[in-house]
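So the chains spell out like this:
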Amino acid sequence: MKFSGLKMSMVGLILAGALAGCGNAKDSDSTTSGSDDSKKTEASTELTGTVTAAGSTALQPLAEEAANEIQSSNPELTVTVQGGGSGTGVNQVASGAVDIGNSDVPSADKLEDKTKADKLVDTKVAGIAFAMVVNKDVKVESLTEKQIQDIFSGKVKNWKDVGGNDEKINVINRPASSGTRATFESILMKDAKIDDSLGTAQDSNGAVEQSVNSTPGSISYLAMSYLVGDKKDALKVLKINDVEPTTENVAANKYPFWAYEYMITDGEPKDAVKGFIDFVSGEDFADTVEKMGYIPMSELK
Amino acid sequence: MNNKKNHNNQARIVNNVWTAIFYAIAILVIALLVFIAEKIITMGWGFWDTDFLFGAPSNTMAGGGIGPQLFNSFYLLVISLIVSFPLGLGAGIYLSQYAKKGRFLNFVRLCIETMASLPSIVVGLFGLLVFVTLADWGYTLVGGALVLTILNLPNLTRICEMAISSVSASVKEASLGLGATKWQTITKVLIPTAIQEIITGVILTAGRIFGEAAALIYTAGLTTPTLNAAAPLDSPVNPFNIFRPAETLAVHIWKLNSEGIVPDAREIATKSAAILIIMVFVFNIAARLIAKLLDKRFKGSVGAKPKKVKSKLIS
Amino acid sequence: MKGQKKSINYFVNEYIGKTIVTICGLLIVVATISIIAFICGKGLQSFLHGNISPWEMLTSTDWSPNDPKDKSYGALIFIVGSTLVSIGATLISTPIALGIAIFNNYISPKFGSTFVKPVLELFLGIPSVVYGFLGVTILVPFLRNQLGGVGFSLLAGIIVLSVMILPTIASISDDAVKGVPFEFLEGSYGLGSTRWQAIHRIIIPAAKNGILTAIVLGLARAFGEALAVQMVIGNTVKLPDSLYSPTSTLTGILTMDMSNTLNGTAWNDALWSLAMILLIISFLFILIIRMIGKRGMQNEQ
Chain A
56 MKFSGLKMSM VGLILAGALA GCGNAKDSDS TTSGSDDSKK TEASTELTGT
106 VTAAGSTALQ PLAEEAANEI QSSNPELTVT VQGGGSGTGV NQVASGAVDI
156 GNSDVPSADK LEDKTKADKL VDTKVAGIAF AMVVNKDVKV ESLTEKQIQD
206 IFSGKVKNWK DVGGNDEKIN VINRPASSGT RATFESILMK DAKIDDSLGT
256 AQDSNGAVEQ SVNSTPGSIS YLAMSYLVGD KKDALKVLKI NDVEPTTENV
306 AANKYPFWAY EYMITDGEPK DAVKGFIDFV SGEDFADTVE KMGYIPMSEL
356 K
Chain B
817 MNNKKNHNNQ ARIVNNVWTA IFYAIAILVI ALLVFIAEKI ITMGWGFWDT
867 DFLFGAPSNT MAGGGIGPQL FNSFYLLVIS LIVSFPLGLG AGIYLSQYAK
917 KGRFLNFVRL CIETMASLPS IVVGLFGLLV FVTLADWGYT LVGGALVLTI
967 LNLPNLTRIC EMAISSVSAS VKEASLGLGA TKWQTITKVL IPTAIQEIIT
1017 GVILTAGRIF GEAAALIYTA GLTTPTLNAA APLDSPVNPF NIFRPAETLA
1067 VHIWKLNSEG IVPDAREIAT KSAAILIIMV FVFNIAARLI AKLLDKRFKG
1117 SVGAKPKKVK SKLIS
Chain C
5 MKGQKKSINY FVNEYIGKTI VTICGLLIVV ATISIIAFIC GKGLQSFLHG
55 NISPWEMLTS TDWSPNDPKD KSYGALIFIV GSTLVSIGAT LISTPIALGI
105 AIFNNYISPK FGSTFVKPVL ELFLGIPSVV YGFLGVTILV PFLRNQLGGV
155 GFSLLAGIIV LSVMILPTIA SISDDAVKGV PFEFLEGSYG LGSTRWQAIH
205 RIIIPAAKNG ILTAIVLGLA RAFGEALAVQ MVIGNTVKLP DSLYSPTSTL
255 TGILTMDMSN TLNGTAWNDA LWSLAMILLI ISFLFILIIR MIGKRGMQNE
305 Q
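Those protein sequence lines, which keep their order, are chains A, B and C. My numbering numbers the first residue of the first sequence as 56 and each following residue consecutively. My numbering numbers the first residue of the second sequence as 817 and each following residue consecutively. My numbering numbers the first residue of the third sequence as 5 and each following residue consecutively.
Hints are not guaranteed to be accurate.
To be verified - Here are the in silico distance ranges between beta carbons for each label pair:
id, chain 1, residue 1, chain 2, residue 2, range
1, A, Lys287, B, Ser1051, 35 to 41 angstroms
2, C, Ile284, A, Ser252, 23 to 29 angstroms
3, C, Ser57, A, Lys287, 34 to 40 angstroms
4, C, Gly152, B, Leu1049, 29 to 35 angstroms
5, A, Lys201, C, Asp66, 25 to 31 angstroms
6, B, Ile846, C, Ile284, 49 to 55 angstroms
7, C, Ser57, B, Phe1097, 48 to 54 angstroms
8, B, Asp952, C, Asp71, 29 to 35 angstroms
9, C, Asp179, B, Asn825, 31 to 37 angstroms
10, B, Phe920, C, Arg299, 20 to 26 angstroms
11, C, Thr63, A, Lys201, 56 to 62 angstroms
12, C, Arg299, B, Phe1097, 21 to 27 angstroms
13, C, Leu151, B, Val1098, 33 to 39 angstroms
14, B, Phe1056, A, Ser252, 17 to 23 angstroms
Said to hold, decoys possible - List time: in silico DSS-like cross-link candidates among lysine-lysine, alpha-carbon distance up to 27 angstroms:
id, chain 1, residue 1, chain 2, residue 2
15, C, Lys73, A, Lys201
16, A, Lys201, A, Lys191
17, C, Lys121, B, Lys1108
18, C, Lys75, A, Lys210
19, A, Lys174, C, Lys46
20, C, Lys121, B, Lys855
21, A, Lys215, A, Lys329
22, A, Lys245, C, Lys121
23, A, Lys291, A, Lys248
24, B, Lys1112, C, Lys121
25, C, Lys22, B, Lys1108
26, C, Lys182, B, Lys1108
27, C, Lys22, B, Lys917
28, A, Lys201, C, Lys75
29, B, Lys916, C, Lys22
30, B, Lys988, C, Lys22
Hints listed in this document are in silico derivations from the structure and should not be mistaken for laboratory results. All values derive from a computational prediction rather than experimental measurement. Quick reminder that beta carbons are idealized off the backbone N, C-alpha and C, glycines included.
Taking the hints into account, I'd like the entire structure generated from these sequences.
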């Protein structure tokens, strides 16, 4: 009796596995039909083998989507994408555990050991723009870099001092190790220092989005990939120096707050790894890149 | 005299007030659970949709499912039980039948208690260090299963030990008296008698590791490759390959809440939370039902005294 | 001949069985020791190879591992945050848990075993991410509406944790109260005392050690809880100046920064040191429980 129960549960498990597999098969069918033209161009160079990538959570959705699409046109190719954070990405590629390390920052910025950094090759695969976001009750449309520095270093504590209504500013930061925050610090804060004893810190883009959305008078910074679809309306996106965060403005060098996303390899990428990286940064995938809120490399040249 | 009567009256009033307070506390706690369960289930209303339950997640569009995550949660649970149950049973037998009182046993108990009180994030970091980095497996299902084993083993050991040692001494002596060896007594008498309590306990702990997230973030990873059951077993896309990354449902909630960029991230998170809660209920009810069933079956046939279903879990 | 074979079989069976179960027991010891060894081995790095003094880490409130000029690794804020949030949760939880223990044993055992105990088991089963999720979606907005400010706070952490540790404290107190000999109660009734008088004069003092154990275990669980607290406490790197101000915990800073920092950097090493501190504190809790247990045995003799 005991054993038949066990058997039953194993059968259930295998069924569930098959179902999970089926669900995916269905999904990959639909993506195939969606990316027919990419199939034609890729057909000449059929990719095989396995590619593993890990790292940046900001790049992860894009990389996963790219993996789905490239696998549907190259049935012999398996691409697995894992998260873990930029640090994990660089770590794992340096130790040889994965083929590609995804990172928000160049590998040299993360690695202290310079001899290791020399071996690693960083390939820019996409750009990502960031936006200053505020709660909808804030009556400010644009901030200058100086104003942003004053707010995050704690010199300005009320919205009325930067042209808004009389309301306390609630600063929301990312944790010190975040790639988004590193970009924010180097581009906008420059020499000013973020005062971490102000406001609160949220672990991730999603948590920032939620707390800006629900906290009156709050301000933070978010990757534009989190501001697509319905979410765009939940928050207020500010201009910086009166420039809107759009792909065109980034390409025209008018909007400063953006960064590259990197795929890092140990030595020059080869074979399937190269194929995958080329696909992510290439023309065929550019539409999806833009749709997902990233900036295609073709726009940045 | 009058004074004393007043005093008695007062004491009785105080007594009644406190009885009311105790009732209030009990009802408050039950109300709190009902509130929490009701909130989660209404927020995640519609979770039974099969497209959602078994569908593939989407990175870009609304309407993705949680099929792989749900499968991973169960598969991980099964793998970790395959590892941890024999170990827990063995350790339970050792502690209840073979271990001799003394310094060493004391030390073993200290270890079990320490293990039971380890913060799950510390266990996760240990997994990151040993299974992910040192063993060079990367984020894998088996790494996650081993970490869950560490989290679960102290409880399993305790359950097995208590179940076996609660079998009455007379049953054990009767078996030994009939010429059975110690090992025969353990396998043929003690374990069958204790099995009901053991199974109940195992299912209850299973319900708890089903929802573990903190430790798995660092070991089983945050992603699931696009699964394909037809792929060879050593391929990372075969659902049964234990050396592939496997995001579980609880981790999925955490990820959606933190990095989800699909438009309906919130909805998927609430529905997943509803499913997790319902699974907890199912595990609890299953434990009770199975206990009742086994109780009927074993009572009489083995002649053990009927025992109350009881599980003492710490941490 | 046959008899001899049987006895060999007997011997082999007994011997193998005993060996296997002993190995299982030993494995627990080995696993525990290796966890401690690995975590401490990593955690001690920053004191051995880095220039961080353990004293500075334990007493300084200056946590700025990313400051380009003046890095410092004071963890006092996180230690204080973890301590306050656990103690606060235990203060709320203990009276309720005690009430439940007494209710289940003396007021209405029938109602207790059919409703209250199963409910506690369900509480224990609710995953910590779900508690955190509820905290963010219900509790934080509620606090913000009632008290103003951002809502993410020490108080929110305390409330979430107090629900999470309630089943732990309640079930162990329940056993402790149950362990009080029935004669104690009868004796008290015999002297003319009411039920309440018997409970608070006789039962609770008699179950004191078991209740203390329950409290310490609850504290230990609260101290080690990671995701739920991190989601609601605000993660501000600052000592809390009131119950309603945001702060950080050891587990919170670990979940946020561990995956984004690189192996071998001073920052990453410092985080491992925090993990070691967490481990040591949870071990201290176990030692305290053992001391309580020993005292209980001495009292009985």
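State the violated hints by number, sorted upward, taking the hints as numbered earlier in the document. 3, 4, 6, 11, 12, 14, 21, 22, 25
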